[in-house]
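Engineer: Spelled out, the chains give:
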Amino acid sequence: MGTNVFNIGVSGLAAAQAGLLTTGHNISNAGTPGFNRQQIVQTTNTPQFTGAGYLGQGTNVLTVKRIYSQFLAGQTLSAQSRLAELNIYADQIRQVDGLLADPSAGLSSALNDFFRGAHEVAAYPASIPARQSMLSLAQALVGRFQSVDSRLNEIRDGVDSQLASTIVNINAYSTQIAALNQRIILAQAAGPNQPPNDLLDQRDQLLAQLNLEVHVSSVAEGDGSLSVFVGNGQPLVVGIQTFNLTTLLSREDASRMTVGVALAGGGAAALPESMITGGTLGGLLGFRSESLDAAQNALGRIAIGLATTFNEQHRLGQDLTGALGGNFFTAPVPQALYPNSPVNGGTAVIGVAVASAGSLTTSDYRLTANGGGNYTLLRLSDNTTLFSAVALPQTVDGLAISLAAGAANAGDTFLIQPTRTAASDIGVALTDARSIAAAAPIRTAASTANTGSGAVSAGSVNPPPPANANLTQTVTITFDNPPGTFDVVGVGTGNPANVVYTPGGNITYNGWTIQISGTPAAGDVFTISANSAGVSDNRNALLLAGLQTNRTLAGGTATYQSAYAQIVSDVGNRARETEVGITAQESVVKQTEDARQSLSGVNLDEEAANLLRYQQAYQASGKMIDIASKLFDILLDLGR
Amino acid sequence: MRISSSMIFDAGLASIQKQTASLMHTQQQVASGRRILTPADDPVAAARALEVEQARDTNAIYQGNQKAAGETLGLVEGQLVAVGELIQNVRTLAVQGGNGSLTDTDRASIAAELRQRFDQLMGLANATDATGQHLFSGYMGDTTPFSGSVAGGVAYAGDEGQRRLQVSASRQVAVSDSGNEIFMRIRNGNGSFATSVTATNTGSGVIDAGTVTDPALWNAAGNNRDFRIVFAVNAGTTTYDIIDNVSGNSLLTGAAPAAAPYPRVFTPGQAIVLKSQGAEPAFDYGAQVVINGSPADGDRFDIDASSSQSLFATLSNLITALEAGASSTSGHTLLANRLGFALTDLDQAHDNLLRVRAAIGSRMNEVEALAAAGEDLNLNYEGTLSRLRDIDYAAAITQLTQEQGYLEAAQKSFLKVTDLSLFNYV
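Residue numbers (the working numbering), protein chains in the order written: chain A, 811 to 1450; chain B, 1470 to 1895.
Next up, chain A with everything else stripped away, as it sits in the complex (with noise of 0.2 Å):
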């Protein structure tokens, strides 16, 4: 008798020693990232039957259990997994905004210095000073296009940087889990009914922090190990095992860094870049393929844009030497790259040339050879196959596309970037600022022996370059009598004569257009000839300085500024969408942590409370073995 109750005594005693124990567990875990709060389950002994009836036997604890939910922690890996992408995300992206917007730092102001440039060449054609300071200027707005484009570049740099990091630590991450599922599968085996709380709650942790880094699922094995697989199935972690991931260069473009597996052999296999979504990892390939390239590929089509159309102005001008204009930027050339490792099988080498700035896109291409000399080709911005299965040569979106030499085999790719890297590769042409083309090459003249009315107006000469080789050449019009139609005596015109008089109409030879308005009388003499000592001239320069509000660009909906505006709020747009994201995904990862917290996390208070209970039980436990040891003693004195 008095033994039991001795051992009644000694195993309430035990148990509210666990339950002190856990509680102090607790309280010292309360700030442990990813800890889970833990309970003793207690329960009864089995009782003793006697004739009286079942007497207790005093209490066991069964197990030691973390309060968790397998719902609510999976729901919280996700909301972070998103939230670290679109943080990682906003980060990127906020250069590029700050970077693009900045006055001093960004393409605009240097546009408007630049044509205020032209302007002030129209205002002083003979000027030297005023020819040199639009040189100056252009100088300037090449360079800002190119440190546009190279901080541009340091961004995607960084981005390759953080993506090597990242992929470090995923591995890192993976080789933990790899360790702990190890230690799991031994105490599993060594206490099957026993749950290794704080075992599981180190791999939870990782399983998150992995989670922050790229988004994985994962799937708990029978013998407690956990598998984690990255994308659609692609395994991380299999049981002890870990599958590293690695970084490689793209086979498409040799100067993008993309992620891959390492194979046993050595080596690695890419991984498709839609695969991988969530965390960092997919923050940084998400803004790099919807961000980056696309505004890198805009400031570009700007600089391409420019280029053309400026120099096709200016080689319809005349220098202040007397010369037909020439370039007066360098104008950057679309890119075609071929893969690597595995290179193409064929030997064909695409030609790429722009046939039409205006028409040029901001998006890359990609072209598939068919095989017997036919080619497909794809707008990468919106999966759009342009065309399918022809021959070259073919013109699209303003790109002339043609086989430069060789044959392609079936299959073989060339991915076409027509605009990624003009912005770093335009350039001034022009070194002399005699050479900016102020003047038109012609100039025309009403003879003073004239008795009409007819005036003659200044002429231009018809785009595009190159100029009509007799451009130049002295023409007389002669009106016929009577003077409803004239004669046209000139090299290259073919001498027309009785040309019909329309007042005001174009007249159109050797590469000129003038109009003649008014009414000429019989006989007068109109001459068009080359514009030689015209320094004053500034017919050109007005045409080139006019460009700037031309809608030239993105099929002749855009100025260059106007197109440079639609960068800044397309990343603009971008930046606030991410950040607007972040808020909401803020709340929601509040949510599910505070249901995770609410279920999981510790309650000083409570655990204070819980304190004072084992306390207390403790106390009572002892009191109850005081008292057995007092009724024995009572025993003894009976014997006494």
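It is worth saying that the hints were derived from the structure and are not from the lab. Beta carbons are placed, not taken as given, at the ideal position from N, Cα and C, and that holds for glycine. Heads up, a few of these hints could be off.
Claimed, not checked - Per label pair, the in silico range of CB-to-CB distance: (1) P1203/A - Q1497/B: 50 to 60 Å; (2) G1294/A - S1745/B: 28 to 38 Å; (3) L1073/A - R1856/B: 55 to 65 Å.
Said to hold, decoys possible - Result set (DSSO-like, lysine-lysine): computed pairs, CA atoms no more than 30 Å apart in a straight line: (4) K1400/A - K1885/B; (5) K1400/A - K875/A; (6) K1487/B - K1885/B; (7) K1487/B - K1400/A.
Position chain B relative to chain A; hints supplied.
Structural biologist: For chain B alone, coordinates are given in the frame of chain A:
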């Protein structure tokens, strides 16, 4: 709901951070005066601001061009005013030269003064702007447009280009006129035809510039615009014939000119009309001339279609006429005729000058109107930019104070809540 201790801390911290972030954003807005710190704050407004900025900058360029155009036009106008005064001056001298009481010496000294005026005119016509570009040489700013002398005539070496400036988005204004237009392309005579005399006339007939009474008839296709009027004096009666120099026929008979006396009888001061009278064959060229004085037998006057005659040539003719001497009666008549032609031509030159000056004046007016509009536009753009980008200080500072209050409340309540613990009583 069960609350974990870390939730209390996390929630408190999160709300403090949130309040701090928005407080900082507002503070930055207030400090910079900008509502949009990065395009992400308002992408649409940021992009719009870039376009408005370009419009404002372009407008500033146009304003600069308007100023330059105004200055250049003012310079040209100043030169033309001087040319106008010079023409008036020459006209006075020409009238003075016609004074019958003058001697050859007096006329020679007037001619000498006119030579000065000629040189002065050359100077004005070859004027340059501040950058050394000739004002009246068309596109050929480096080329001296006029060269020559009284005796050898003056040639124009420039072209007919008109320099233009972009003074608004849709308007280019001409800031120069070619010297050809101002000094060379001047119709002589009355603008339709010019009268002239044969130097060997011996009578005292002085012809006026003539008038076109019906321009449609004068310009009609059948008019050869080249006539001569020949006089004969028979038995005290002065008669004349009008002969078409192209066909060689007399207008008055329709046949080859007959011998004197001629079909019409001359009355001094009465209009000689180029229209059939009485039984003459039908013709009407809508023009008439008046000859005063008494032409002698065999005297001849010519009527030719107007042609271009430079101001320099007019001046040269005047000088030559004055220097020729007029001691004899016929010499005096010739001088009177030539002075008449010179005055007519000077008036034509002056009219032409006024035409050019009127055009320049209207361009200056336009430029001034555009400058005023440009100023308004500039204010407009600045207003738009300010609305797009700048902060409303009253609202922002109110918000700042409000957010400051929120942050303080968050901090204080955080301290109060975290102070509560059962352990304080254990």
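Engineer: Look at each hint and say if it fits the structure.
Structural biologist: Tested hints:
no., hint, result
1, P1203/A - Q1497/B: 50 to 60 Å, "54 Å, holds"
2, G1294/A - S1745/B: 28 to 38 Å, "30 Å, holds"
3, L1073/A - R1856/B: 55 to 65 Å, "60 Å, holds"
4, K1400/A - K1885/B, "22 Å, holds"
5, K1400/A - K875/A, "25 Å, holds"
6, K1487/B - K1885/B, "19 Å, holds"
7, K1487/B - K1400/A, "13 Å, holds"
Violation of the numbered hints given earlier is absent; every hint is satisfied by the structure.
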